[in-house]
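Trainee: Chains as they are written, first to last, in this note's numbering: chain A, 1 to 377; chain B, 1 to 377; chain C, 1 to 377; chain D, 1 to 377.
Keep in mind that the hints are not guaranteed to be accurate.
Identical copies go unnamed one by one, so any copy, or any two together, can satisfy a pair.
Stated by the list, open to error - Quick list of in silico lysine-lysine cross-link-like pairs, DSBU-like style, CA-CA up to 30 Å: (1) Lys225 x Lys371; (2) Lys343 x Lys302; (3) Lys174 x Lys265; (4) Lys148 x Lys343; (5) Lys285 x Lys222.
Treat the hints as calculated values from the structure; they're not laboratory data.
These figures come from a predicted structure and were not determined experimentally.
Number of protein chains: 4
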Amino acid sequence: MIGGSQDAFIGAVHRKAANLDGQIELVCGAFSSNPEKSKATGASLFLDPKRVYGSYEEMIRKEKALPADQRMDFVSIVTPNHVHFGPAKMALENGFHVIIDKPMCFDLKEAKALHKLVEKTGLVFGLTHTYTGYPLVKEAREMIKKGKLGKIRKVFVEYPQGWLSTFLEATGSKQATWRTDPSKSGAGGAIGDIGTHAANLAEYITASPITEICAQLNIVVKGRKLDDDSSMLLRFENGASGILMATQVAAGEENNLNIRVYGEKGGLSWRQEEPNTLEIKWLDKPKEVLRAGWGYLGDVAKQNTRVPSGHPEGYLEAFANLYRNFANAVADHKPGKKIDPAKYDFPDVADGVRGMAFVETVVKSSASNQKWTKLKI
Amino acid sequence: MIGGSQDAFIGAVHRKAANLDGQIELVCGAFSSNPEKSKATGASLFLDPKRVYGSYEEMIRKEKALPADQRMDFVSIVTPNHVHFGPAKMALENGFHVIIDKPMCFDLKEAKALHKLVEKTGLVFGLTHTYTGYPLVKEAREMIKKGKLGKIRKVFVEYPQGWLSTFLEATGSKQATWRTDPSKSGAGGAIGDIGTHAANLAEYITASPITEICAQLNIVVKGRKLDDDSSMLLRFENGASGILMATQVAAGEENNLNIRVYGEKGGLSWRQEEPNTLEIKWLDKPKEVLRAGWGYLGDVAKQNTRVPSGHPEGYLEAFANLYRNFANAVADHKPGKKIDPAKYDFPDVADGVRGMAFVETVVKSSASNQKWTKLKI
Amino acid sequence: MIGGSQDAFIGAVHRKAANLDGQIELVCGAFSSNPEKSKATGASLFLDPKRVYGSYEEMIRKEKALPADQRMDFVSIVTPNHVHFGPAKMALENGFHVIIDKPMCFDLKEAKALHKLVEKTGLVFGLTHTYTGYPLVKEAREMIKKGKLGKIRKVFVEYPQGWLSTFLEATGSKQATWRTDPSKSGAGGAIGDIGTHAANLAEYITASPITEICAQLNIVVKGRKLDDDSSMLLRFENGASGILMATQVAAGEENNLNIRVYGEKGGLSWRQEEPNTLEIKWLDKPKEVLRAGWGYLGDVAKQNTRVPSGHPEGYLEAFANLYRNFANAVADHKPGKKIDPAKYDFPDVADGVRGMAFVETVVKSSASNQKWTKLKI
Amino acid sequence: MIGGSQDAFIGAVHRKAANLDGQIELVCGAFSSNPEKSKATGASLFLDPKRVYGSYEEMIRKEKALPADQRMDFVSIVTPNHVHFGPAKMALENGFHVIIDKPMCFDLKEAKALHKLVEKTGLVFGLTHTYTGYPLVKEAREMIKKGKLGKIRKVFVEYPQGWLSTFLEATGSKQATWRTDPSKSGAGGAIGDIGTHAANLAEYITASPITEICAQLNIVVKGRKLDDDSSMLLRFENGASGILMATQVAAGEENNLNIRVYGEKGGLSWRQEEPNTLEIKWLDKPKEVLRAGWGYLGDVAKQNTRVPSGHPEGYLEAFANLYRNFANAVADHKPGKKIDPAKYDFPDVADGVRGMAFVETVVKSSASNQKWTKLKI
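Here chain A stands alone, though its shape is the one from the complex (with noise of 0.2 Å):
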């Protein structure tokens, strides 16, 4: 693991989500680029002392140079965004499979970058959209496949939270400071740490990629130096129209991203923070609620899911079934042969390279007076 010292949110999620199944062990980290960090962080994590490192460059080395039935089998990246770009390439180009918190990268141009990386090595490669992990997200996408709702018309995809309601990047907060920092989050503030969970959402249900932006950024907290709020009108490939709103000062609002899809037929809602029920609304029968568990629901969701109906599974298992089926596919993997992503349902670098492009046209689009600007990679 790259990053995740004692004091960061991310990593610590990284490590139970991986935990969970039984099937994954860390084995060595760089949590801290301060080395007595780094060396605490690995201790309180039960670690070899001689596998915790001062430095990602220093673990992609030494661990490199271990028999290979003894090296790490792949690296997982939980840094801030300006410090993904160095490690993941380092460690494609010394043969480590990675996985990596999103956004990907700093901006578009490092992101295809990797994704040609990713391609040349054929490595594995995971990318943790986390909301694309729950069961009942899986099967809104396989029915919304299966043409259950029909053609699909309208989007409306949000994310608010609260938390950055007053400033406090002036507080000290660690995360709110490199989260509101331009030259370690990118171009964009809210946008680019929540609003590519919402666009990710809305693709991977819809099957259907975003094509055009009308976006309006602001930044409602004064002092603030990146855009803390957004609001923006959608076109979608398969001729669907859309709402994405994307906020970090909705005041009371905890981690609300929803989803509602609308076909000729019914339309379909999601909510994260109660994310073992799936409402499906007809057109001329009554609203049905699916729920996590259910012998009705497809394979995917179920193949998803651990324990029976009413036992709510949340963010950790999303997570953790991130990391399952990434851990599969690096099982699968064999040199020279590149796996396919879809198969094994996790997000990856094309994904990552459709988030960045998604920043940057939001950006753009929020300075112009045109209308609508087309998301091109």
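Once you have looked at the hints, place chains B, C and D on chain A.
Mentor: Frame of chain A, contents of chains B, C and D only:
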């Protein structure tokens, strides 16, 4: 009453709303342009046959000819949009107060003309934007007015319906046919029928007018002549930004008008389909759920509630609040002295003018490649 | 109307419910045993002062003396329980149909006497068990009747309120005072006031009578003279078992009557505070959410709905359904020919007798050390 | 681990829960009485084959023979009820701490014997009443302890499931078969399997023991040998009264454990299927909705939460809290010094004894014609 024959929808709603509190009595009507239908409707309503008229012109003329203490006090106009202006004008010109269904007119020009006439005559004029009749909508407005949420930052208002998901006008549905016919409905389809409600609700609750719009109107169902779907970005005078969505092709939706408003300190959420609940999410304390009928609510909410908490009131009661508040103004009206609608708390001709300007601005914005279009009156 | 002066609660509810559909007109009243109060109430309701009476005896006598086409058609009795039997008896004996608030009488003996009188006179007799007036309660009953849930196994009915959590009768609250006074309320407190509603709802929906009860009545608030809380186990004639809870000391509860019924194939759930929703959980398919106003509902539900789906109807509309159904029976009534209340779908004198038997059985069971007590009439 | 072969349910749950935080490692197991199955399970879990045993006796013996720093630290027992006592006893007698699935034993006699043994050995003993592991259950307990709701008056606890609505044991379902077999399950069916959870939850939250029970057990599905349904009235030591319902024939229900507690000042409500929400209804102010992960919660809730608010945690995380709290006690344990389970906040042998006493009291009460039966230990 003008319009509202037995096969109409909204006429019966107006009558029940007016009946509810036992203060308003239906005394005469021109229920249809077909005199037979008008007679039959009048008979079913136990009216004196002499006061059931074959046309609105006849009604206004003959009622005016009655002694002052026997003639009708005011006129309810519940016809399709293109038959709003004529009867409203004639009623005002003949000294009758008017309450009229929304949208107020066929176009902005008519609306402005009515506005002038109301100013000139000093008569009471009500517009049935039903949804502002709900007690918890009023509470939301009061909370924001008092600054409970701090400065307002974001407004999300949605009005999804699903009933026009198919080409219903081909089936002879009376409700669908006139609403989708530009010669009867005006320049707006969904945007006039329900978009005006959504815009009115947002302006009522925030007490801030919409100033700029970036809209996309769609005709989703093939063959339809007017928009059945719309999405737009909004800017408000108070600096807030927003999103408005009004669609009649969200398959499976009923009448799901809802609004969320976020300020510096918290956000509120109200949903018409469960109107007795108002949720307040706070930045730093537990979410509160306000319920109609409790002592902790403000006076305005209390004045618009009839039964104790837990005894749900609904659409007809909200409608009845408009009628009662309007009727109170009529009762207090003295010739030559203009009533202040804000004091009596019912939507009036100025709201009607804004509604028509909203429709025309949205249509103009949708046709434009420019991002923002100003809403001017 | 007998009772229902300006400071009463339920009288105004009855009046609004009767007004709603424009088919019933209040023509006379004895609103209070205090003639001054009765006069003032009548004046506020725009009644002819000659038909506002100082006592119910005077009203019944004088109305009877009017020509048949000028006198009242039926009497509404909305007084406290101990003044139900007298006016109901006198009205029936003088040829007036009666609609009366629940519980029907002071005790079972009175109830049985009324039953005989209704049988003898053949007049129409209605009892306002409001909650069976909701369309989705009717749909629930129809579903069970048609065997959609299979054989019924379990019934859970609850009626929690919180308004008597403190010793409110010490504050002079009129509503609290008579309801907690055994000389006015009868042998049951909460059990009579709301327990009878819960029992009636369970029997209406399942179409099966309660046969045995194991009850515990409590007086939770110190100083109170009648039960304010109750819990009981139930047995039904159809073999189902159940639980009934009715309490007025569940602090924070409004009027949360709710019922769940489980059969072999699924279970249904209905909650009065959100009455336009009926949930059906199935053994092997997704939960369905039925909503008032949809085409998929049965005829009975449709006949008791006024506005399209998504336009919420509430307590007053449910109440109005009882009045309208009762009024339809009155309109069809022909002397000497008994009306079948089931055909018109309103609670009648037989329900009233069962209600009083329920109260007396619960009181008896609560006082007994024996587990089960039979409910006999 | 004892029990928990590949085709079992609860064993895998225990393993995932133990894995989650990266502090507990599975090192050995006797997963089945069938040595082949045990081996296969061990292999699938990447265990050293030498530490996968053919019986629990062998495991305890051989592990004890290992050097102290190499042997297992504690035993997890996840077998059916009739194989709880034997391994637990042997483990304790050989100096191993024990964590065991509920209900603790086959009968009260066994439970009392275990209690004595735990007292005697001073070892750490945990019982997986999962539902008390949820942070908002802990918050509820703390609120009541601090008197936030005033004196407690009413407790309603329900545990409806639907999975035994049909005669599932005839289909060979392993889960159904042993649970409905008195020789494996003990005297209680549903009442032992889930009723004990409900009773434990009520006692945990209110911090008051159940003292008297008036129960009705039912066998609803023909052919079944143990109760699949139960209803009962309760009395608590603190003077509150209550209702407990536990059923496995509520068709369509998943795992809907829920509890409501009312005191003088307000009531709380928690539902396992949406565990991150705790509703508080107040007598005189708006309902509050507490959510896991917020700063306003107490320390105990915070210590049992892993991710920020809005990132839902579920069943496995609640289970993991029990394991972590138990493991903390094991880590702190010093021979000869008894650990206080309350300090570490996990259910222990005393809870297990109460659970078995609950089952036996319910069975006795159900068979009796007398209303109340005392719960004695």
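Trainee: As a check of your reading, is Lys285 near Lys222 (CA-CA no more than 30 Å) within one copy, between copies, both or neither?
Mentor: between (49 Å within a copy, 23 Å between copies)
Trainee: Can you tell me if Lys174 and Lys265 fall within 30 Å by alpha carbon in one copy, between copies, both or neither?
Mentor: Between copies only: 22 Å across, 47 Å inside.
Trainee: Up to 30 Å between alpha-carbons, please classify Lys148 paired with Lys343: within, between, both or neither.
Mentor: within (22 Å within a copy, 41 Å between copies)
Trainee: Evaluate Lys343 and Lys302 at a C-alpha cut-off of 30 Å and name the case that applies: within, between, both or neither.
Mentor: within (15 Å within a copy, 39 Å between copies)
Trainee: If the cut is 30 Å between Cα atoms, do Lys225 and Lys371 qualify within a copy, between copies, both or neither?
Mentor: both (24 Å within a copy, 24 Å between copies)
Every hint, counting from the list given before, is met by this structure.
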